[in-house]
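Asks: From first to last, the protein sequence lines stand for chains A and B.
Each residue of the first sequence is one higher than the one before, starting from 1 at the first, in my numbering.
Each residue of the second sequence is one higher than the one before, starting from 1 at the first, in my numbering.
Derived by calculation from the structure, the hints in this document are not laboratory data.
If you're wondering where the values come from, they're calculated on a predicted model, not measured in any experiment.
The C-beta atom is built at its ideal place from N, Cα and C for all residues, glycine as well.
Among the hints, erroneous ones may be present.
Stated by the list, open to error - Derived coverage of chain A by chain B (criterion: at least 3 residues anywhere in the stretch with Cβ under 8 Å from a Cβ of chain B; other residues may be distant):
(1) 3–10
(2) 62–73
(3) 99–110
Unchecked claim - Label pairs and their computed distance ranges (CB to CB):
(4) A:Gly24 - B:Glu75: 44 to 50 Å
(5) A:Glu85 - B:Phe3: 23 to 29 Å
(6) A:Asp22 - B:Thr13: 42 to 48 Å
(7) B:Gly83 - A:Asp88: 27 to 33 Å
(8) A:Glu85 - B:Gln14: 17 to 23 Å
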Amino acid sequence: MTLKDLCKLIDGRAVCGADRLDEGVKYGFASDLMSDVLTLKSDDFVLITGLANIQAIRTAEMSNVSYMVICRGKTVTEDMLELAEENDMVVIASPFSLFKCAGLLWQAGLKELY
Amino acid sequence: MRFEYKVEGGDFTQAGNAASAIKKTLKQLGVDPVVIKRVVVALYEAEVNIVAHAWRGVIYADIEGSGIKLRLEDEGPGIPDIGKAMTRGFSTASEGVREMGFGAGMGLPNISENADEFHIDTVVGEGTTLNIGIRF
Chain A
1 MTLKDLCKLI DGRAVCGADR LDEGVKYGFA SDLMSDVLTL KSDDFVLITG LANIQAIRTA
61 EMSNVSYMVI CRGKTVTEDM LELAEENDMV VIASPFSLFK CAGLLWQAGL KELY
Chain B
1 MRFEYKVEGG DFTQAGNAAS AIKKTLKQLG VDPVVIKRVV VALYEAEVNI VAHAWRGVIY
61 ADIEGSGIKL RLEDEGPGIP DIGKAMTRGF STASEGVREM GFGAGMGLPN ISENADEFHI
121 DTVVGEGTTL NIGIRF
């Protein structure tokens, strides 16, 4: 699905990389545990997390992940945005819970990565 | 090529700076992206461990044509039982560390899985040194 479609499904708003919503993504991984994310060999997925801090962005950087969804209406801080921009990431903020975001995206065809 | 980075215990705002810098250098050197990911994941987990558990530490990175050698020396509480610390799910991390998305007992196993060589030296009450080697 395109990131634009993804945004529609989860009431998402691109807070970084808004000009790249035509890009597509096939896989998703939802976790608040960053060590779990770091075990994945793939980097072709959208990271869906409720963890809104600098280490979530750092983890995406280390994992070469380009797309992130920050759930539960959490604030994406200036230092998070700065690091995300530096690493060419698209960051989407959603007011929905991690559970709801993952469920809606899975239902719409985003594949699980595990 | 040798790099050195200082790490302060408890300072999560800086955790990952060394791994980020090494990632950029390895990319510039044209190292295989799969190998770069193994290096930065191992280094990042180890860097987070210093921030989460130690008082301070120094990271030394030696990059040669054949691979990278990382040495992370910290001053800290040390590891009383390395066998337990290497067990997935075992952790002594604080609540604050868990709130940062770590502290689930996966750090050392993650490092070990990504490394070609991995060795821990530790003295309780003094500190821990990790030696990590990854071939290009």
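Asks: Hint by hint, note whether the structure agrees.
Replies: Here is how each hint holds up against the structure:
no.: 1; hint: 3–10; result: violated (count 0)
no.: 2; hint: 62–73; result: holds (count 3)
no.: 3; hint: 99–110; result: violated (count 0)
no.: 4; hint: A:Gly24 - B:Glu75: 44 to 50 Å; result: 48 Å, holds
no.: 5; hint: A:Glu85 - B:Phe3: 23 to 29 Å; result: 25 Å, holds
no.: 6; hint: A:Asp22 - B:Thr13: 42 to 48 Å; result: 34 Å, violated
no.: 7; hint: B:Gly83 - A:Asp88: 27 to 33 Å; result: 41 Å, violated
no.: 8; hint: A:Glu85 - B:Gln14: 17 to 23 Å; result: 19 Å, holds
When held up to the earlier numbered hints, the structure conflicts with 1, 3, 6 and 7 and fits the remainder.
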